[in-house]
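Here's the letter readout for the chains.
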Amino acid sequence: MGRPKVGVVVFPGSLDDRDAARALHLSGMEPVLLWHAERDLAGVDAVVLPGGFSYGDYLRAGAIARFAPVMEKVAEFAQAGHPVLGICNGFQILCEAGLLPGALARNSSLRFICREVWVRVEEETPFTAGLKGRVLRLPIKHSQGRYLPPGGSEESLAGVGKVIFRYADSLGEARPEVNPNGSVGNIAGVASAAGNVVGLMPHPEHAADPELGRTDGLPIFSSLLAHLEGKAPLAEAALPR
Amino acid sequence: MRYVVHVDVLPKEGILDPQGKAVEEALPALGFSGVEKVRVGKHIVLEMDGNSAEEVLARAEEMARKFLSNPVIEEFRVRLGGAAGEGRSG
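If you're matching them up, the sequences are chains U and Y in order.
First residue of the first sequence: 225, per this note's numbering; consecutive thereafter.
First residue of the second sequence: 980, per this note's numbering; consecutive thereafter.
Honestly, the hints are just simulated from the structure, not real lab data.
Values in this document were obtained by computation on a predicted structure and should not be read as measured data.
Fair warning: there could be bad hints in the mix.
Here are the simulated lysine-lysine pairs, BS3-like style, with alpha carbons at most 30 Å apart [to be verified]: (1) Y/K1045 x U/K386; (2) Y/K1045 x U/K365; (3) U/K365 x Y/K1021; (4) U/K386 x Y/K991; (5) Y/K991 x Y/K1016; (6) U/K365 x Y/K991; (7) U/K365 x Y/K1000; (8) Y/K1045 x U/K297; (9) U/K356 x U/K386; (10) U/K297 x U/K365.
All chains should be built: construct the whole structure from the sequences, respecting the hints.
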């Protein structure tokens, strides 16, 4: 069996597609760049929607990208239970497309934030296998990263999604003071109810190459590799027998 | 017939609107007092062809619901108007 193939969607205005491809390569997978105008996912085993400013973030971040031709296939792929990861702008696109619950609004500070944060892993998914409870040091760089659950409160996520990452301190405590953007409940990333679609604002792909100093993001991609090599898609695995 | 439709998109009541808050706090500093609350949103002007006002408004409302606003964080209002930019201005 060859290396699993993982699609990285490239929208006009994507910035982090190359870093995502590099992180996938370093983790033992074969990245496949998928142009936004394609209507075919080229037989990939998983999809990553990278960060950037697709379509200039016009109207709202991700609002126009969700209508890209490739997104129809990504939606089908996600609904079939295959792993889909949205990073930063990719997370915003997944929320706009309704593949993840909630929305990302302007940071409460109104400022673009670019710095490193600590995030605590809350649940196991194809992207966080064996990482529950781990605290990762990852960069963030966004101006629309304030996560709001669909009904406003964290309780409204029940049944439609789950919290996967929270902004925390280095010891893993999700204190309000370390919340960089005003997200409800310090939420930095969520998953779909089935768990196969995951989105997060921090950038694991920027912390994956040892030459750039930090590799806290690598386990997210290694987890995907383990998932693709060992297990069926989560939604299928979760079906009653 | 050609219609002009105005769509106002505002952050939902009760959801923190940092932009509105920043404007609200800046107004007294500029000598404008008595403003209790400010919300900042978007005003979108659509020039549309259609057979009746009702039909055009219904289409605009669908656009607003599916695309021009995000129902999780925003609310919208659609209304028929005159030429773009009508009304008093500086």
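Evaluated hints:
no.: 1; hint: Y/K1045 x U/K386; result: holds (24 Å)
no.: 2; hint: Y/K1045 x U/K365; result: holds (28 Å)
no.: 3; hint: U/K365 x Y/K1021; result: holds (25 Å)
no.: 4; hint: U/K386 x Y/K991; result: holds (23 Å)
no.: 5; hint: Y/K991 x Y/K1016; result: holds (13 Å)
no.: 6; hint: U/K365 x Y/K991; result: holds (26 Å)
no.: 7; hint: U/K365 x Y/K1000; result: holds (23 Å)
no.: 8; hint: Y/K1045 x U/K297; result: holds (19 Å)
no.: 9; hint: U/K356 x U/K386; result: holds (13 Å)
no.: 10; hint: U/K297 x U/K365; result: holds (28 Å)
Every hint from the earlier list agrees with this structure, and none is contradicted.
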